[in-house]
Amino acid sequence: MTTMVQAIRMALHVGEERHGVTDIFGEDVGAPLGGVFTQTQGLRTAWNSPLDERGIVGAAIGLALAGSRPVAEIQFCDYAFNTIDLLKLAGAMHWSSNGDWNCPMVVMTPVGAGIHGSIYHSHSFDAQATRLAGWKIVMPSNPRDAYGLLLSAIIDPNPVLFMAPKALLRQKANNDSEEVPGVPSDERELSKMIDAPLGDRTKWKPRWPDTPDLLIPIGKARMDRAGNDVTVVTYGRHVHVCRKAAEELATEGIDVELIDMRSLHPYDWDAISSSIKKTHRVVFVNEDTDITNFGEHLLRRTIDELFYELHAPPKVLAGKHLPGVGLADNLEKGSVPQLDDITNAIRTSARHEP
Amino acid sequence: MTTMVQAIRMALHVGEERHGVTDIFGEDVGAPLGGVFTQTQGLRTAWNSPLDERGIVGAAIGLALAGSRPVAEIQFCDYAFNTIDLLKLAGAMHWSSNGDWNCPMVVMTPVGAGIHGSIYHSHSFDAQATRLAGWKIVMPSNPRDAYGLLLSAIIDPNPVLFMAPKALLRQKANNDSEEVPGVPSDERELSKMIDAPLGDRTKWKPRWPDTPDLLIPIGKARMDRAGNDVTVVTYGRHVHVCRKAAEELATEGIDVELIDMRSLHPYDWDAISSSIKKTHRVVFVNEDTDITNFGEHLLRRTIDELFYELHAPPKVLAGKHLPGVGLADNLEKGSVPQLDDITNAIRTSARHEP
Amino acid sequence: MRSRYNGVPRMTTIISKVRNGAEESLKPELLLQMHDLMRKARVLEERLIRMQKQGDGYFWIGGPGEEAFSVPLGLLTHKGEGPQYDYLHLHYRASGTMLALGADPVDALRQMKSTASDPYSGGRNFASHYSVRKWNVVPVSSPIEVQYAMAPGTALAQRRHGGTGITIVTGGDAGTAEGDFATCLIWSARKGSELPMLIIVTNNQYGISTPYDGQHGEKRIADRGAAFGIRTLTIDGNDPETSYRAIKQAMDYVRKERKPFLLEAMVSRLYGHSSSSGANYIEGEADGLKLFEDKLIARKLLTKERADELNAKYTEELLEASKRVRDEAPPAPEDIWKHVFAEQSVVGGSSGNKGAR
Amino acid sequence: MRSRYNGVPRMTTIISKVRNGAEESLKPELLLQMHDLMRKARVLEERLIRMQKQGDGYFWIGGPGEEAFSVPLGLLTHKGEGPQYDYLHLHYRASGTMLALGADPVDALRQMKSTASDPYSGGRNFASHYSVRKWNVVPVSSPIEVQYAMAPGTALAQRRHGGTGITIVTGGDAGTAEGDFATCLIWSARKGSELPMLIIVTNNQYGISTPYDGQHGEKRIADRGAAFGIRTLTIDGNDPETSYRAIKQAMDYVRKERKPFLLEAMVSRLYGHSSSSGANYIEGEADGLKLFEDKLIARKLLTKERADELNAKYTEELLEASKRVRDEAPPAPEDIWKHVFAEQSVVGGSSGNKGAR
Ligand SMILES: Cc1ncc(C[n+]2csc(CCOP(=O)(O)OP(=O)(O)O)c2C)c(N)n1
Ligand SMILES: Cc1ncc(C[n+]2csc(CCOP(=O)(O)OP(=O)(O)O)c2C)c(N)n1
Ligand SMILES: [Mg+2]
Ligand SMILES: [Mg+2]
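Protein chains in written order, with my numbering: chain A, 1 to 354; chain B, 1 to 354; chain C, 1 to 357; chain D, 1 to 357.
Next comes chain A alone, as it looks inside the complex (with noise of 0.2 Å):
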């Protein structure tokens, strides 16, 4: 089965060979490393840049601006704080000209926690991507959906973020359904035909296996899961943490509805309300800080459009308004939704009689 990293890979393969991309860069992207989560290896189009943030965003506009066709990364997302007036400025670039220019860009870059990464190695960017106007945000929570993803942002005439659930970069699709299209059955085929040899790089050339064009539409949900009691909505890595409650939950007879957004922005608002109209119950799940969320807002959208619908107060999980995520295994667990805290609102909502 194929990793996250690998999925990326070959989509910024197919998107080098076949969509124009002439420029995948950023901090260690290059050789010898190829990133380093090692998702740029073997790229023919990748190169290291400066270690200097603002340069990266704004090269990347200006190669978007000069019609090439940029991927550039920001090594975490935890880096990207200062590059939020250029993010800003791309995502302004159509609507500020009145439509003269475009700015046909993608940024990727991982995000969240789970992996111990301390401070600056575990937030979120999901409010923040959100609030970017002008852009369209992914984060997919699979191989499949990071390949087909990435290949839609690449192809997109604007400007695209996507963000990588740093804690799934290495796992491994569950099933056929997580997989990407045309990869050889056996992992260790594939690894040898694309992770580069530790040691001596220089002479090493990838193998690409032939992946197709699948292009997974940004703005449209994904049904994790179908049910008829509760309505969680996610994303990225937590779509892992909240299947595991519903098949918790399920065991009680509680059974939940689960979608996976694969889009921030533009979202499936669509896919959200015609399942909360079924199940009149919702919970929204995602790890980012809970003062000014992005669950916040979807939250607000419900009571705006379907107040009448509920037949329990629907519901945020998020991170804790905190400066970071703490290094100890006990903070990093008391800042972000557990699958315990999520179980417990899930059932909470299931119980709840209106």
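Check before you lean on any hint, since a few could be wrong.
[What the hints assert, rightly or not] Simulated pairs of lysine to aspartate or glutamate, DMTMM-like, Cα-Cα distance not exceeding 25 Å: (1) C:K79 - C:D252; (2) B:K277 - A:D304; (3) A:K278 - A:E305; (4) C:K53 - B:D195; (5) C:K338 - A:D268; (6) C:K295 - C:D308.
It should be emphasised that the hints constitute simulated quantities derived from the structure, not laboratory data.
Chain A is already provided as a structure; the job is to place chains B, C and D with the ligands on it using the hints.
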């Protein structure tokens, strides 16, 4: 009557003289201009920094750590989006050092639309500010509050962001309750004392009125208008728009309770929730863009804690989710909540039958 | 000198000569063309100022005092769409450059009046915030210095593309304190990956009210290029002949060597910072247009009468245009929603971006 | 040389000599003290690496290979609280400096183990992220280069305070590409407002996997100071005698002249970037500790046996300590809420901050 810029100036003067303020700095903050809104004219410790917002925030942090008391200005909040990492660091200083250091600094910056400021002089910073864990966030709606909140910001041992609604900066106190205590009752007299003359200012020295240590507590809201039918929660310049709406609606028999939050973080949940428990209806108003908006947080908390108190769906009125506020009058009006929008929202809430 | 902010001593400057030895003289037609454009640009700015003062606009900022530099810059730019032509990352004092490129001054009035017909921003942005894709003029944005962070991107595309197209970026002196200026130097000078960029600083010795002195440790801003092996030059940007030759020399180098050049032009700020600081003519600043006009008259290339006629002609034309513009429709409230997302990609010109849809 | 990332040619460096003419020799006691601390620092880092590999910590980053520079830096620092003493804005390779200041190495083990007793962050931050207010050691934070934006602030306070206290800021070579490095140069060199700062770059010629060559147009990073009139020097930071003299010379200048000095030290990265890149000893990098030890033995100031004993002693001590630390309590989940807000101000020492409550 005093204007808000005069109030700010007097608070800074009191800060310099009695509360240890050592540095008031930023772009054009020092002589001869004394701030693009005249807010720092005549101050002993005011100086012009390089045109470098990251340097300004960085220097403020360093000054604070060294036991100085800096008040740093970002000329417009529109130019603070490249400093969010540094603001986050300031907010994390106490927490990440496990209480070893603290970082007593004030950043002040004008925010919001309403002056035809076009894309880059109309931004709000509310959502960004409320996401800065470790910071206290205040926004006055009148000269007295500006004076008292700024003094509280100065003596606070934590970083405090003082956001001044730019459309109110030159407005005078509407009545005595909005007046800075201790100023001469003749506003021309005050102007002669503390407003720099046009032309040569090299020999000018202000004469400061003897104003007291009015400390408006951070974290406490102000009841602007008591009422029984609908609670309206806002801050900054929309206090005035909402007050107008309340007056209009009073003629229709709708009795609005208007809360001026004054502090966005920590915020006065007691004030908000007791009002909602009384009126059972609430509208949150602000002008920041409306996806992942601070009002959505307040609404979410309302749902969390007061769901069964509500006789109407709680409502958020905010700015449109766009890359900026356009310059043309129609565009600005179409982008941020106007009097009519607010009146309509309150009316709808009041008339809603549960 | 007198300025709006009295009591502020100004830096004394010694301007280097253009160092290309032979100071070949420019053709009379070119001199007259420059003079014509400089006058046109000045009249345009004065019209914009007047419109703002009369309530036909909310805010004015622009480039009177920079014409002697901005006009030759526009004339020397290779105009067109896509990486084979020059990219322009301009700041908000570039009307002279735009007119030299061939912009219709009436469009600038439209932007001042915030009409729906404003081709640069549809009534969304302030005056002097140009955007012309067909000429590679990247949208001017208000935040200072961000253009220096973006410019290396177009230059990267041009480095790959080959040819003679270069990236030109301009900004003020005070703004060089932002880290983005350093970013520009660093990204343009990477060994083995140098970028074809003409990096320009127009030094009027002020940032709003703050004088150059006291903020800078550098004697010349251009000196900052030296550590990176970037060629540098500081010139009197108030003299269009000096400007023309210096820009040409710098561009020739960049076009051919595909390496960066840092050019600092000392210029004036003839109407102060913006309408916020009054926008009145500042006596005592060198007026490049006046000096040039006098020189041309002394050299018998121009007469006082011809010069006055020209002034009158443009003044009349733009006054009339401003009246017409007054009647053009403003954008509608719902226009805020236009162009949030692009439906298809249009950047790169016909040659670029073949791979993507 | 061999490194984790093969095939990457390293920059050839010619190191300038310390230019203070008389290369006065340092006292034997000082040399032995430096050696002792360098060994202690090395053993500490090796213990931290081992702990991480054994699962007694999540991540390692640190300074083995920089001891010959970081130890003299700590020894020469005027240690204390408040602006009359030196402020240290360190990066994450500063264990040698901390030990030279007198830090207990066991505290570093606590931070590695993320115990509640970790005095630097209470188990919140990664190893080598020090914070000691009583010694003016500002919290080390992971984002590269932000310390260069903050350091001018403490220096501003010291400029006003007078005396001999200075601000010291350190960081790596790759990080100088961030705008914050330029900010530091600009703010420290403003004419008439120069700041007492020792600005240090420890140049190991790598940023994670990315070699210096290809990213820098500067021959020397220190050259960037020249445009601002900042005194600069590039030294062999692998030689503690050179380091000591150079740091002393630079500090003397900064303390006295109250002006900035930019010092670049060429150093090694002996265990690679961090645990993420394997944290194995890299053959072929100059090992300042080994070279110095050999030199001291050759000069008969030390014997091989004494050196080995020292190594064994520290190794034993820290192994024992690491076992004890293993039993110390972790923070509790609810500890996340501690210290979000300060109740009262504690910064500035007894002399500072009198006006405020
Ligand atoms: C990032 C940013 N900070 C602050 C401002 C406000 N501002 C507008 S112009 C200006 C001064 C610019 O000075 P300089 O760079 O010398 O250019 P000049 O206006 O003199 O041509 C300032 C501070 C801004 N537009 N952008
Ligand atoms: C702002 C920021 N960007 C990226 C990173 C990730 N990162 C950690 S260390 C490093 C390389 C630093 O290289 P250098 O400045 O030379 O210091 P060195 O580690 O070599 O001492 C990078 C890119 C970071 N910590 N902060
Ligand atoms: Mg200027
Ligand atoms: Mg390095």
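Status of the hints after comparison with the structure:
1. C:K79 - C:D252: holds, 15 Å
2. B:K277 - A:D304: holds, 20 Å
3. A:K278 - A:E305: holds, 14 Å
4. C:K53 - B:D195: holds, 24 Å
5. C:K338 - A:D268: Holds, at roughly 21 Å.
6. C:K295 - C:D308: holds, 15 Å
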